[in-house]
Each structure stands twice: as structure tokens, then as C-alpha cells.
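Asker: Protein chains in written order, with our numbering: chain A, 1 to 303; chain F, 1 to 303; chain W, 1 to 303; chain P, 1 to 303.
None of these hints come from the bench; they were simulated from the model. Treat the hints with care, as some may be off.
As the list claims (entries may be wrong) - Partial list, computed: chain P residues near chain W (C-beta under 10 Å):
1) Lys-125
2) Leu-150
3) Glu-209
What the hints assert, rightly or not - With a Cα cut of at most 25 Å, we get these calculated DSS-like pairs of lysine-lysine:
4) Lys-148/W with Lys-125/P
5) Lys-148/F with Lys-125/F
6) Lys-148/A with Lys-148/P
7) Lys-125/P with Lys-148/P
8) Lys-125/P with Lys-125/W
9) Lys-148/W with Lys-148/P
10) Lys-148/A with Lys-125/F
11) Lys-148/A with Lys-148/F
12) Lys-148/W with Lys-125/W
13) Lys-125/F with Lys-125/A
14) Lys-148/A with Lys-125/A
15) Lys-148/F with Lys-148/W
Glycine included, C-beta positions come from ideal geometry on N, C-alpha and C.
The lines below spell out each chain.
Number of protein chains: 4
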Amino acid sequence: MVSVSLGANKYGKAENRVVRIYRDTPRHEIVDLNVSSQLRGAALAESYLTGDNSVVVATDTQKNTAFAFAKQFGVPSAEEYLLALSRHFTSSFDWIEGGLWQAEQYEWERILIDGAAHDHSFVRKGQGTRLASVQVIDGATHVTGGVKDLVVLKSTGSEFAGFPRDTYTTLVETDDRIMATSVTGRWRFLPEAVDAGIDYNGLYSEVSEVLLATFASVHSLALQQTLFEMGKAAIEARPEIAEVRFAMPNIHHFLYDLAPFGLDNPGEVFHAADRPYGLIEGTVLRDGVAEAPGAWVDLPTFV
Amino acid sequence: MVSVSLGANKYGKAENRVVRIYRDTPRHEIVDLNVSSQLRGAALAESYLTGDNSVVVATDTQKNTAFAFAKQFGVPSAEEYLLALSRHFTSSFDWIEGGLWQAEQYEWERILIDGAAHDHSFVRKGQGTRLASVQVIDGATHVTGGVKDLVVLKSTGSEFAGFPRDTYTTLVETDDRIMATSVTGRWRFLPEAVDAGIDYNGLYSEVSEVLLATFASVHSLALQQTLFEMGKAAIEARPEIAEVRFAMPNIHHFLYDLAPFGLDNPGEVFHAADRPYGLIEGTVLRDGVAEAPGAWVDLPTFV
Amino acid sequence: MVSVSLGANKYGKAENRVVRIYRDTPRHEIVDLNVSSQLRGAALAESYLTGDNSVVVATDTQKNTAFAFAKQFGVPSAEEYLLALSRHFTSSFDWIEGGLWQAEQYEWERILIDGAAHDHSFVRKGQGTRLASVQVIDGATHVTGGVKDLVVLKSTGSEFAGFPRDTYTTLVETDDRIMATSVTGRWRFLPEAVDAGIDYNGLYSEVSEVLLATFASVHSLALQQTLFEMGKAAIEARPEIAEVRFAMPNIHHFLYDLAPFGLDNPGEVFHAADRPYGLIEGTVLRDGVAEAPGAWVDLPTFV
Amino acid sequence: MVSVSLGANKYGKAENRVVRIYRDTPRHEIVDLNVSSQLRGAALAESYLTGDNSVVVATDTQKNTAFAFAKQFGVPSAEEYLLALSRHFTSSFDWIEGGLWQAEQYEWERILIDGAAHDHSFVRKGQGTRLASVQVIDGATHVTGGVKDLVVLKSTGSEFAGFPRDTYTTLVETDDRIMATSVTGRWRFLPEAVDAGIDYNGLYSEVSEVLLATFASVHSLALQQTLFEMGKAAIEARPEIAEVRFAMPNIHHFLYDLAPFGLDNPGEVFHAADRPYGLIEGTVLRDGVAEAPGAWVDLPTFV
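So that you can see chain A by itself, here it is in the shape it has in the complex (with noise of 0.2 Å):
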């Protein structure tokens, strides 16, 4: 006789994709948002083995909750938005000891005419989304930033040499190659630096600033190193930051042999390839902080 029992779960809603204009004064402001509420705690186990819900908090409840709060709570900035909204509900139902709140933010910069920035028309940024995320699990709560999507590209300044060879290795060796990768990152926010206050939405802006900084000034001899050295760099540059985490696809760009056509090919044209792609992920942590696994708990993939 086969016997079962649950183990870890949550749910809720995904995908709200919440936007909130500030039309105080003519000149209105945009936050666009995609996001997702989840709940967990114990009682909740009855709606999975037997269907009673009389403790599930709908899933259209939430989302309705998430769209309220752009209103009742406003948006400041994606992580206090979430960290109230993680409070509301650990707070207003005995039974929701946690859940995972995550947003993914759509940056628009004004239209320019003739220089001037327009007050109420936008054009999608673009460049990276924006992320964050609340969880609370086991009595903690831990905040994180983060950013997808960055697309970044060095056309010289980058090596990779002195690998181990086996009998599948192939590669050349190479002391310059095009180097270029999309970045997806997180950083956790210190839990004192949450309690005190953070700046959410200048630090976005001075991390993302510094991440491209980094990629470009560093000279590569590997993706590890440019990962490592870009994390290092955002700890540097905010003590908000407890660590990072980075997951970079080498994105080949692969030397286009046009020898059989008798020309030479120094370094100019390339063909970017789409699959597959290198993989690098790594942590950079700083010195003296407690680890926070919990922080990470079911977020998308190694960010």
C-alpha cells in the first residue's frame, strides 16, 4: 500500500501586469510592472489533499490585491510595492506564513521634441528589465534587485587561453575575440539596509551603471572573471548589497572563415550563433555576511 504525503508548495498569481500613472501634476510619471503573488503555509496543505479552500486566499484575490495596492499603497519602487504587499498578506491571514512576490519592471524614458522631454509620452527603454523580488520563508524576509536582459557586447578585450585539453578538446586558443553576453543578475539586499531604508530605484540605476562599466573596463581572459569583477563592483559601490548572483550566456560570436573566398577576416565579420551558448553562473558574496539560501528559494533557474 502506497502512501503520500505534500511537501513544498505555493500559489497564486502570475503575470499581473500592473500599470500606475502618477497624474498629480501635468507632467505624469509611469510605472509599468509584471507580477506575481504567491502564498505558502501549512493549513494550505488541505486544499491540495482534499479540496477544502476555506483558507485558500484566491488566486483572483491576490490579484486583485496587486492592483489595489498601486492605488492604496502606490508604487515607489518595485520593492517597497512588494514588501507591502508580502505584509498585507502575512499580516492579514493567520494562516499565510509566506509566500514569493516577484516583479519584473518596464522602464519608458519621455519622447523628446526638438530636446524637450514630453510630460505624458513615453517609449519603452528597452535596454534590460528591471526585477525584483520579496520572499518570506521561515520567519525571514529577504529583498532583492536584479536586472534581465542586459545585452552587452566588447569588440576586442577579451581573451580565453590556457584550458585543459582532453580528447574532446577542440578549441583554439584565442588572445582576442568578441565577447558578449545578455546579464541577468540579482542582489540581495541587506536585511539592516531593508529596515533602514534603501533607495530601490537609484541604486537600479548606479548598479546597472556600474555593471556596464565593469564588462567594458575589465580586460577578459575569461566570462568568469568579467562575472566575478561586475559583482564585486555593485558590492563595492553599495553597501545596501549582501551579494550577487549572475547567470551570462556566452553569446559565440564565431569568426567567419572567408579564406575559401580568398579574403582574410581580421576580426570583422562575425556569425552570432544562437544555440548553444555558453553558460556562466556565479555567486560574488560580501565578506562577513550571513548567507541567506532562503532568499533564493524558487526563483527562476541559478538567479
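Guided by the hints, dock chains F, W and P onto chain A, whose structure is given.
Answerer: This is chains F, W and P only, laid out in the frame that chain A set:
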């Protein structure tokens, strides 16, 4: 007894990811293209009818040529590069009577370090994708430029009212709504301007700015009206443009009903919907210019 | 002074996800559609030129009609349902002269329990997506059926040789390769067959089988040849079909070079590439049938 | 002075599209995989910290090995093939302590001609994608199988009622709704079953059938309940399974309001929404089996 024959056809290699680096000085330039090449010619019918490939310029050869031309001819602009490819194929092979050459172009910005633009490190701009095509058909050559996925939004200055009502009409008239769209547009160049030579890159920048500024400044009574004004402005801005075609989804932002929660919502909280969406398409023609239906054959969807 | 005018245009609501359940008996039926409706008419120019919406049948109204007709008219087949929509719009509004109605259809199979097909539980088939369109243009009505994303592969029985060689040709001739493609095809119905009534669902099943069987049984000298034979077989199978158009990417499977590892590779291990891919397009016409270019206006890409 | 160190990391080559044809007899077999290989080991820290690649088994080498093993070891099942890769890397290189190897598998069916299955022509099944992973971590090896994107729907036999109501609750209780989801699930194999050898392909077929049959036959009070019953049934069906994890979006089908048009809608016409969607996740554990958190490290999202 059923008898059949071959109708319209073409063949080639699609989505060659050609990346061209200019590295003649330490300040590198990058041109990043997704190139498709397809050929037409009456003699090619044999490959369909009997599998006789004796005049089939292999799709692999078309690919090699696309990469080789990035070196031999260079990529001063996507349009000029495609023109060079079109001339090569139609002049090198007697039986190649025409074809369609297309490119998507991904723009890159230099990474800034303390405000200084880096020599060889770039971040993908991500704001719209540039389009170009060259069509050789019925003895004529047509060149178009364009843009796709340029996402814009205005948080006020848009109405929709005065439409007819029938049994199936439930839409409420509005004098203030969010208007958002993802602009896909193509502009056809006047043949005489193509012959005289065009600053395609400068034109793209200027037209992009004009499209954004017009979207922003027009008080919109309908997305159709905004579309027409955008095309008109582009034609007014640049004498090289014969016509502009647009496909514009109306990306609906629905005011979220917060009344059940005792909250008013004066244009502040919206749900951005995915599907369905309005789809508005239209062409703006410079008066006195000959139409050129051949230019648009086999281009994706309306544009 | 620049003067402009309005050219080709249409507008409507795209991608209405209409799901119709027939539940008159305990054995339910499901029809799952993605429906787009767009209208044309000279009078609509005013909405573009001046924002006068007095004859603009709102895209929201088109959406409501699409859902209401799924109840009122039902969905005996996608083609008949779209025909009903086209008749409604062109007959209910004097100024609507034509339009384009399109549907994608997702097929579902009944879930089997111990070999018995369940009454109301389904699993999505996932093998190709059915297509249908009705175009009313220049006073004529054109109906097409079709399929997209039908992915097929043969592991032998495909050659490619005898093609011309130039400076840019490096491809080696082969008498045994993998041939794989994702079939997108549309068949135009003879107007007299449409008038007489067609078993569209039965035809779709039969044509799908014929396409697969022909792909399988033709020893291929070129994907062009296979394409033509597939269209010919469809026309031979069903007298209602006037012509068939195909777009077939040649999904390259490259033999992986295992020689550096001391291994031979007699057609056993391949790398399936994403981009670039061959792109072969062609039309097969029943002899003696009038061409109908209007049928294909604004349909996506070649088909 | 800020000081940092390296935390969790791994690196490798992702999405190798390995296609293996078995052609020993005229009746070919095809195995079609998307393979990712990533390695871990303390010694690899140097590549991050200093760019020293002396122990970095190149991602290109991992790719070559994946293709070579498809020939040398073959692909009896995705799980066995990944196990072979994992053994190779951890035994060939002293410093490689673990890693994560993943595969997606696309199933193909033989094309039928007059009811007869063709020897070497196939059509992609398209009904769900098979998953497999091998994780070597902390000295243990974990093997999982799974499926993703298996889309199912039941048009009745699903309720949702009895949930708590708060300020933000507007959802109406229902005793008859459409329930649809896209099943992603992974089952972890008992280590002793892995050691003894498992018929992974037979198990996949059987579990897929059991999941579908359970979805169909359970009268659902909540998607949570259906999820649990599906996991329970899989564990009951196969003694090799230690636990099953699921992520199931609740793909909402909203009854379209036809009342404004004077039509009733007794569960016949629905709008299938894209976003937001419910997202229900849960784990079903065989009682008496040790948990294995290491098995799930870095697998995408919840599963």
C-alpha cells in the same frame, strides 16, 4: 486527370546573423544584422518540377555571399549592403531575375564610463529594431527602410468616441484613455532618390525621431488618426520617402475596477492586456508618386 | 508644400481567443480558435484623415461579434464561422466593403483511460496548427484553409547535388542527408466549391494526411521538389482546392564532425541548427483555374 | 575596505541540439535532444577570481563530449545518456566534483501511409516535451525525469468554492467551470532504483498516461487537489519514483458575457486569457523516503 503547374515562388537562406566590426581605429564600430536572401527566376522552376538543381544557387552559397559581402563591400547601411547583394545575384547569374533581400538591424550604444563613451564596449539599445529590404521584381528595384517593435505610450491626450453602435456594441465612449502601441512601419524610397544616393542611417535617425515626436504631440481621436499623422510627418521630413506603411496594435490598457474595494481610480491603475488587441494598419502616400505594389510583395504581414 | 493621401488600410481586433464548447450531450466537443477580424471600406478614410469615427465599427464591437457568433452561428468549421462573420460585417454596414478574417485552430484529442476516450477531458494535440482565412476584396470572397508548424523529418531518402558552383560556393554535394522542415501551407478553395459547401474539417484531415504521406514517400532531390509534390498531391486528393502555397524552412541538421575524437559518423549524430535556415516557398496551381491574387493580400509572409 | 568572495557557481554549455539517428536497420529510430552540461568544483574558483583557466574544462569541450557520447555511449534514454556524461566528467577530471546535466526531448511519431508506419519519415508529436536531469552534488547523484507543456483541459467536472472572502475578494463561487493547465512536472527517481536500472522510456510513457487519466477522472474541487492526485497516481504507478513536483498554471477560460446581446451562455463560449494566470505548485512525496533537496538545486523555477 488532374494537371498542375508552378506559381509564385522564391527560395534562399533566412536569418543569417551577420555581425560586422570596423576596427580600423581603436574606436570600433559595430553593425549587427539578421539578413535573409531569396532568389526568383523562371529557370528555377525545374528544381520544383523535377528536382534538377543545375541552376539552383545553393542557399548555402547565398549565406556565404552574405558574410563575404560584409567584408568585401562592407555595411555602410543595411540598405546599401542589401542593394549590393541584389546586384551581385542578379548580375552574376543570368537566370536570376529578381529576389527579396531583407535585414533586421539591432542597434548598439557605446557603454559610458564616467560619461565617456567606450571605444569597443557596447550595450544593445533595445528600442525598436531597424528594418530594410530590397526587392527586385518585374525589372524594377524597390528599397524600403523601417522599424519594428517601437513601443510607445501616452498616458493622456487620447480619446475614442463617436463610433456607431449596433447590437454587439458595448464599448463606452472615452475622452481620456491610455494609448499604447508597438509601431511597425516601413518607408519606401523614391527610385530616383535611391539612384542619387541616400544617407540611410541619418534618415533612419531622423524619421525615428519624427515618428516619436508626432505620436507624442498629436491629440489623438483614434489610433488611425495618429497613424496617418505619423506617416505624413515622415514624408514631410524627408523628400526621399515615397510612402509609409504602418501596422499598429492598439495595446489595450484597461482601467482596473477598484470600486468594489471602496477606491476610486481616476486614470491611475491599469491592466495592460495581451490579447486580443486592436490592429490598425494604413498607408500614407506622397501625392504625385507612382504606386509600387511590387515593393511590398512577400514582406511580412501588412508591412 | 508636401501633400499626402491615404493608401491601403484595414483595422480590427486581432487574436480573440474564442473557445466554443458543445455540451448538448455528455460527450462534449471543443473548438479552440484564435480569431482576427479586420474591415476595409472607402468611408473609413475619415478616421485616418480627421479622426472622425462615425463609421468606425469599433474593434471592441468586432470582438463582441466574434464571441457572440460562436454562440449564435456556432463553429461547424473555422472556415464557415469566418464566412458568417464576413457576411455579417459586409451586410450589416453599408460602408464595409470587405475585410480579412483569420483563424488559427488548436486541435484537442480526448484523453484515453484504459483505451476509452473521455467525454469531457482533452489534451492538446500539438501537431501543427490549423489555419483558415476569409478575404472579401474587390467584390470577391476568397476562402483558404491551411496548416502551420507541422514539423517533419526524414532521416534518409534526401539528396542535394548538381547545383552550380561559383566563388562563394563551399557546400559539398550529398546523396544522403536528413531533411527536416516545419510546413506552413495554405490551400485556396475554388469559389464554386465554397458556394456548393465543403466538408472543411474532413478536408483538413485528409489533406494533412496526404501532405505527410507525400513528404514521407517522395525520394527528395531538393526541398523544392518535395514541396511541389506535396502541393500536387493535395490538389489531386481534393477537387475543392484551386491552389496550394507553402513556406518551408529547411531545418538544417549538420553531421557532427567526430573525426577529431577518432570516431566515424555514418549519418548517426547531427547538430540541429536554429539559424540561418533555408527558406523555400512555392505555389502549386490547378491548371485551368483562374488566379486570385486578392485571396493572398495581407496574409502573413508568403503564405 | 570591501572584501568579497565567490559563492555558488557552475558553468558549461547549454542547449546543445543533439539528434541521434539509429540506422542499423532500414527502420530508423530518432532521438532528439536539447542538452545542457554544467560543471562544479572548488578548484574552478580561480577562473572567477583571477581568470586562470588551467582547470576550466572548456564549454566547447563539454559540447564536443555531448555529441561524441551520442555516438560512443548512444542514447538509450535521456536519463542514461546524462548519467554517462556525468560519470565521464566527474571521473575524468579530479577537480570536477559535480554538475548539472539536463535534457529536453522532442518526441517524433512515424508518418503513416495507408495505416503503415514509415521506416524513416517522422512527424513531431508536439504533445508535451520530455525532461530529464542528472545532478551530482555533495557526493550524491540525483536523477529526475519529467514533462513540460502538456496542455490539458476539462470542459466540466471542476468546481471552485468555499474560499475565504476579504475586502479584495470579488470572485464568484462556481460549481462548473473549465479547468485547463499546462503541466510541468518532474519525478525524482529513488537512488536504489537508479542503481538497479530503470526502463526510463517505458516509465515516461506510463507516467504520462497516468497523469492524463488522473487529470481526466478526478472531479476537481481545486487545481491543488488535482495536482496532488496526479502526483499520487504517478507514485502509485511506479515504485521507482520517490517524489513528484509540479508547476501548473491555471489557464483561465472566462465565460463571455453575451447577455448584452440577448444571448444566454450556459458554459458554451469562453475567452481563453493569457495573463495573469493562477500558478499552483506542489510536491508529492512517497512516505518513508529521504528528502533530497540537492536534486532540485538550480532546476528551472519550482520544477
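Asker: Next step is simple, just say for each hint if it's right about the structure.
Answerer: Verification of the hints:
1. Lys-125: holds, 7 Å
2. Leu-150: Holds. Min distance 7 Å.
3. Glu-209: Interface hint status for Glu-209/P: holds (7 Å vs cutoff 10 Å).
4. Lys-148/W with Lys-125/P: The given pair, whose Cα atoms are some 14 Å apart, holds under the 25 Å limit.
5. Lys-148/F with Lys-125/F: Between Lys-148/F and Lys-125/F the Cα gap is close to 13 Å, so the pair holds against 25 Å.
6. Lys-148/A with Lys-148/P: Holds: Lys-148/A and Lys-148/P sit about 23 Å apart, inside 25 Å.
7. Lys-125/P with Lys-148/P: It holds: about 14 Å lies between the C-alpha atoms, which stays within 25 Å.
8. Lys-125/P with Lys-125/W: Given pair Lys-125/P, Lys-125/W holds - Cα atoms ~8 Å apart, limit 25 Å.
9. Lys-148/W with Lys-148/P: With Cα atoms ~22 Å apart, Lys-148/W and Lys-148/P stay inside 25 Å; holds.
10. Lys-148/A with Lys-125/F: holds, 14 Å
11. Lys-148/A with Lys-148/F: Status holds; Cα separation ~22 Å.
12. Lys-148/W with Lys-125/W: Distance ~14 Å between Lys-148/W and Lys-125/W Cα, so the pair holds.
13. Lys-125/F with Lys-125/A: With a Cα-Cα distance of about 8 Å, the restraint between Lys-125/F and Lys-125/A holds, given a limit of 25 Å.
14. Lys-148/A with Lys-125/A: Judged against 25 Å, a Cα distance of about 13 Å means the pair holds.
15. Lys-148/F with Lys-148/W: Judged against 25 Å, a Cα distance of about 23 Å means the pair holds.
In terms of the numbered hints stated before, the structure departs from none.
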